Amino acid sequence: MSKSRKIVKRIGLFLLPAYLMAAEASNTMVVVADSRHLTGIRAWWANFYNDSHLNFALLTVLIVPLSGAILGTLADYVMSRIGIDLKSRKLREG
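In the numbering used here, the protein residues as written are 1 to 94.
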């Protein structure tokens, strides 16, 4: 038996389990969130994801900028209360 045939045979034996596991043909993939052990808003969010990926994406696109605007406004307010002036571009260093 030639050296190349031995190599091919070893590679074939190495890949045999993967070939046997992939023998069952399937054309669809289901992507879901496991919500069995979740409660409250986390369960609602996981179930919302499972119901409609499009609605989940749209709601996420709305929530992310809205939360950024709210947190940015809150940070502006807190910094102005502690004396940091963000409206003026003047440097007040000695």
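There may be inaccurate statements among the hints.
Taking CB as the label site, the calculated pair distances span [what the hints assert, rightly or not]:
#  : residue 1 : residue 2 : range
1  : 15        : 40        : 54 to 60 Å
2  : 7         : 68        : 53 to 59 Å
3  : 57        : 12        : 40 to 46 Å
4  : 28        : 56        : 15 to 21 Å
5  : 58        : 30        : 16 to 22 Å
6  : 80        : 54        : 26 to 32 Å
7  : 47        : 81        : 46 to 52 Å
8  : 82        : 54        : 39 to 45 Å
9  : 44        : 74        : 36 to 42 Å
10 : 31        : 2         : 43 to 49 Å
11 : 9         : 43        : 49 to 55 Å
No lab work stands behind these hints: they were computed from the structure. Remember, it's a predicted structure, so these values are computed and weren't measured experimentally. Note that beta-carbon positions come from the ideal geometry of N, C-alpha and C, so glycine has one too.
* Asked: Can you give the numbers of the hints that this structure goes against, from lowest to highest?
  -> 1, 6, 7, 9
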